[in-house]
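Engineer: Given next are the chains, with one letter for each unit.
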Amino acid sequence: MARKISMKQAINEALDQEMARDPSVICMGEDIVGGAGGEGERDAWGGVLGVTKGLYAKHGDRLMDTPLSESAYIGAAIGAAACGMRPVAELMFIDFMGVCFDQIFNQAAKFKYMFGGKAETPVVIRAMVGAGFRAAAQHSQMLTPLFTHIPGIKVVCPSTPYDTKGLLIQAIRDNDPVIFCEHKNLYGFEGEVPEASYAIPFGEANVVRDGRDATVVAYGLMVHRALEAAASLAKEGIEIEIVDLRTLSPIDMDTVLDSVTKTGRLVCVDEANPRCSIAADVSAQVAMRAFGALKAGIEMVTPPHVPVPFSPPLEDLYIPSAAQVAAAVRKTLKGGRH
Amino acid sequence: MARKISMKQAINEALDQEMARDPSVICMGEDIVGGAGGEGERDAWGGVLGVTKGLYAKHGDRLMDTPLSESAYIGAAIGAAACGMRPVAELMFIDFMGVCFDQIFNQAAKFKYMFGGKAETPVVIRAMVGAGFRAAAQHSQMLTPLFTHIPGIKVVCPSTPYDTKGLLIQAIRDNDPVIFCEHKNLYGFEGEVPEASYAIPFGEANVVRDGRDATVVAYGLMVHRALEAAASLAKEGIEIEIVDLRTLSPIDMDTVLDSVTKTGRLVCVDEANPRCSIAADVSAQVAMRAFGALKAGIEMVTPPHVPVPFSPPLEDLYIPSAAQVAAAVRKTLKGGRH
Amino acid sequence: MAGNPFPLSKAELLKAYRTMRTIREFEERLHVDFGRGDIPGFVHLYAGEEAAAAGIMIHLGDGDRIASTHRGHGHCIAKGVDVGEMMLEIYGKKGGSCNGKGGSMHIADLSKGMMGANGILGAGAPLVCGAALAAKYRKKGEVAISFVGDGASNQGTFLESLNLAAVWNLPAIFVVENNGYAESTSRDYGVAVDSYVDRAAGFGLPGITVDGTDFFAVYEAAGEIIRRAREGGGPSLLECKMVRFHGHFEGDAQTYRGPGELDDIRANHDCLKKFAAQVTAAGVISADELAPIDREALAVVEDAVARAKAAPLPTVADLTTDVYVSY
Amino acid sequence: MAGNPFPLSKAELLKAYRTMRTIREFEERLHVDFGRGDIPGFVHLYAGEEAAAAGIMIHLGDGDRIASTHRGHGHCIAKGVDVGEMMLEIYGKKGGSCNGKGGSMHIADLSKGMMGANGILGAGAPLVCGAALAAKYRKKGEVAISFVGDGASNQGTFLESLNLAAVWNLPAIFVVENNGYAESTSRDYGVAVDSYVDRAAGFGLPGITVDGTDFFAVYEAAGEIIRRAREGGGPSLLECKMVRFHGHFEGDAQTYRGPGELDDIRANHDCLKKFAAQVTAAGVISADELAPIDREALAVVEDAVARAKAAPLPTVADLTTDVYVSY
Ligand SMILES: Cc1ncc(C[n+]2csc(CCOP(=O)(O)OP(=O)(O)O)c2C)c(N)n1
Ligand SMILES: Cc1ncc(C[n+]2csc(CCOP(=O)(O)OP(=O)(O)O)c2C)c(N)n1
Ligand SMILES: [Mg+2]
Ligand SMILES: [Mg+2]
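Residue numbers (numbering that gives the first Met the number 0), protein chains in the order written: chain X, 0 to 337; chain E, 0 to 337; chain A, 0 to 326; chain P, 0 to 326.
One chain only, chain X, in its complex shape:
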């Protein structure tokens, strides 16, 4: 069996390998090294949860700590990308996008189109997403739909260490701006990851479980909730097919449509708030493009349309559970054409 490492280590390794391979790859972010300007340890943090720890020893000043100015340094990463570098900027929590969104959605995302195709902006913005950390409303959001809505950026949200490494390497090599969403509650999740470098192409969803009865579409942490649900449903004789989107933009609708054509039923699971969500997006596309294959109404499993609460029992209720996924599957199986 291959080596098992955590998602955190997979990110570290992908960055390490790409920095070694390509001198134009640089990293920047708040405390991604840590200890700058002080009298203690350099590389004191390696990012707020230690993801980039150890890279400074290998790559030195190609990792840059930044002042607490996301507009300036995310914008600088974008500007440097437009001038031939391949910067990987860390936004720490995706919730902080509100102080620097213009640089992402009006600058990086639009350069190529606005400039008539004459610009390339190969920047990667890494950010933690998702709830479950008891970090409350401003440090726990998904926000993937906000980026997915914007043409010109690519949005990635892996569910396993294997995908994380391969997709991050692809993100760095990709010539378009990429928002790379790391679920903080998966950092410790371990899985098999080859040591050698590899890239996973964007726009290829992964069928992580085959099944005939219903299609469950998910990404990030929700893939694991879907897998849990599958285990309990299997005991009832219900076999669900699980599609892990992996990249939200571009999105691999073909795989989703193929699966729905086979199963005739669709449940979309999303940790983002429901309105204008990824779940809604996938549901709508299926309702438009594979209506004939649908045997019952589509189900969406999302948090309620509320901010993320702090108190642990509330937060646990907020995040879609395996039980909710299973219930939605049962519901769509009961439904049918009148």
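Treat the hints as calculated values from the structure; they're not laboratory data. Any given hint might turn out to be false.
Claimed, not checked - In the DMTMM-like style, the derived pairs of lysine to aspartate or glutamate whose C-alpha atoms are separated by at most 20 Å in a straight line are:
| id | chain 1 | residue 1 | chain 2 | residue 2 |
| --- | --- | --- | --- | --- |
| 1 | E | LYS234 | E | ASP257 |
| 2 | P | LYS272 | P | ASP287 |
| 3 | X | LYS117 | P | ASP61 |
| 4 | A | LYS138 | E | ASP60 |
| 5 | A | LYS93 | X | GLU238 |
Got chain X; can you put chains E, A and P with the ligands on it based on the hints?
Structural biologist: Quick look at chains E, A and P with the ligands alone, frame taken from chain X:
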């Protein structure tokens, strides 16, 4: 027949009447008066397209010009709202949200929930939306889905001068934060508007045309495109029902579901980019909640997933047309259960 | 009161001491309880910085607004937010300041003029411009104060607010709590100028730097600029140089600190020790008069913890309420 | 070259004059054509401000980057962007700098180091930090320059960038084009300090203010700070005080101007007139030598307009290309 005024005048009148009625209503924004600090005319602009012109003469310093610092002054409007005022802040173009989004989505939208219900933030943020002005990628976006995705804010986008006046008055009186989206290509559009003050409740869609054959859901400028399409379809004997959402958050799904239950067919028209759009949101909810009523696949009519181009013929192709709406209606009428 | 060299009465001095001691006990207790795993989430402690909160807030009433930071407990306590409700909140319990929905980083109490701790750096500054604007319209001489860390002073929101406050001549005060670090990064790496007074000057604001571990230095500087703001004299910036006793957040190993740094700051820059030394040396208050306050503060905190542990958690019904005033 | 009191050769002087005159002709022609309804969208003219673009850009090569503003035509022309392609772009035609997709507010040519006009105020400053960072890694002594208006200097993005450039010691230069107005609002309303040099100092940047209508003043100050940046001496701010001949955008009635203001600035603060007077008074260049340049600049612009009018429009196939490098 009642008096006819333009949408621009309707906004001006709503602001005027509310400022007269309630001393806690104040307005702020870049050049909403104009001429500040200079030697020429005061009230030189009344906003970049003259919407607030004349209010300064009546309400004086309750209209405040601001430095070009959207974070600071939109945030100030929010802070003042939390302290008992009813500020109406103008963001000029909604495209500028990227420099001040945090104040809107992490502050205003979340105060009530994060603070356990103990805060009220009755702020209105007015902004121009939409394409057609040859203003290119950074001055022509809809972006309504970005705000609609966020719990805690309300999102309004009227299609007529009558609705504009009533909804803006409601927005000002409403105790939640409201993003009030004004389609710049409707500013000159005229319609009947009573002089007396009136409020239109949020969350009540308007069936602007009755029809039996298909439901077309739209908002803002797209309502007019749908009406155009209806006229040409009627000649073919096709009668569409048009639902003008008016408010996107809260959204009146009941009216949409009732209409779809009657017609069995749905076309969602949206000037926003397609991914995670309002069109997708409505489609998904219908596919979940009224699947049994659907006789054919849902159709969505949106721009392509590209930024707004500058060149007039490209921009005209970008914006969904009446012909595209009509074609989508014809398509869903041809579709049907297999 | 002959023999009192301080600008405050003995009662006021005792009150200030009680505020600082309550904050200290509150934070040290959280440190212990977090270490035990009793407290969920991110917790940023204010211990070591108490003199700033106390020295500023003593000038304020409930009508004056403040906006705080992620490191907000000290500001809350000094502004009069109920310690028991705060503890309930930090434990995620019903009856907490935010009914358990906010947690440490979002404690607010608008009835006390406390507009919220904030998980977004710099976000309080624009809000405080708005509070100050409201005060200007109300014409009751109220002020609004934004707290910001040395690191967060590089946020555009904060910088824009300095200009807006100056342009509108708002009764707004910007307090930079300079504790030398932003997370693990030294203040001198993140900010290229030595003094925040220079930065303020670049926006047209008067600024002043004080030893933030010296209650009296803070008290005097804050009093002066708050008075000016109340009288229509406009905004100012106050830099408090201070120390943080604990890590950036609980769980931080603090390897970025220099050798002996923590011992030194606890020994030589403890604002509570300094205050006690000052008032006892002047003979205004005796150590015996301070001791009961220490005991009472401890009791208040212990009581708060006990009640927080015993209190019920929110339930599913709470999940979907409080999003909107009207639906 | 005895008798030339200027720091530039006669050839360089003629080149600078040609740059400025080309900008002027370009803008005055757009003013007329916009009035006729020939040009779609928002158009912000640079006429009156030419000396700044010319005096700065003359120091730069294609490897040096600039990021411009909504008022970007002058920067583009001075940076060497093709005038014909610019005109095609402004007319929304195929073959334009952005193939018609960008328009006046988004003209870019990365091959010339021109990173784009920008419809978002202040947005160029972070981008320029990145360009300067890239230059630092490349170690070829390249610099990057951000232009920003007096009004946009209050954007948080711009302010954060000053700090970042200082902290990272970047070869970045921030040019504040202070034309006295942000739309209809006077600069003195929007900014509470008299000098941008003070604002720069608040971030640790050296700053200098020059008469932006005096080509030679701009030339010298820019040369000095660009040299410093190339040599690793770090970022600076340059404030150019200047005048804008037209409205904020085409269609602006400019009632906010004082009586006689427009006449005065055209008569007494025309940078082209000033330049011509300076070089002819010094006897270095005669009026007869300038006249052909005037004619040539006019011809270049007229030719560009003729070609732009005749050029084909983009077609439906162009609508959906150029969003991504790879799909
Ligand atoms: C916009 C934003 N960026 C980054 C963070 C993450 N963060 C939280 S606290 C902190 C350090 C703040 O340092 P400083 O302002 O000096 O305050 P201190 O913690 O020292 O009190 C950082 C980077 C955040 N919460 N918000
Ligand atoms: C973020 C943002 N806010 C507002 C605007 C609208 N706007 C365009 S130009 C302008 C005035 C700019 O003034 P200044 O920076 O002095 O430049 P000038 O026009 O004088 O060259 C404004 C407010 C914008 N484009 N972007
Ligand atoms: Mg600090
Ligand atoms: Mg200007």
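Engineer: The structure should be examined with respect to each hint, and the outcome stated for every one.
Structural biologist: Hint-by-hint comparison with the structure:
{"no.": "1", "hint": "E:LYS234 <-> E:ASP257", "result": "violated, 25 Å"}
{"no.": "2", "hint": "P:LYS272 <-> P:ASP287", "result": "holds, 14 Å"}
{"no.": "3", "hint": "X:LYS117 <-> P:ASP61", "result": "holds, 16 Å"}
{"no.": "4", "hint": "A:LYS138 <-> E:ASP60", "result": "holds, 14 Å"}
{"no.": "5", "hint": "A:LYS93 <-> X:GLU238", "result": "violated, 41 Å"}
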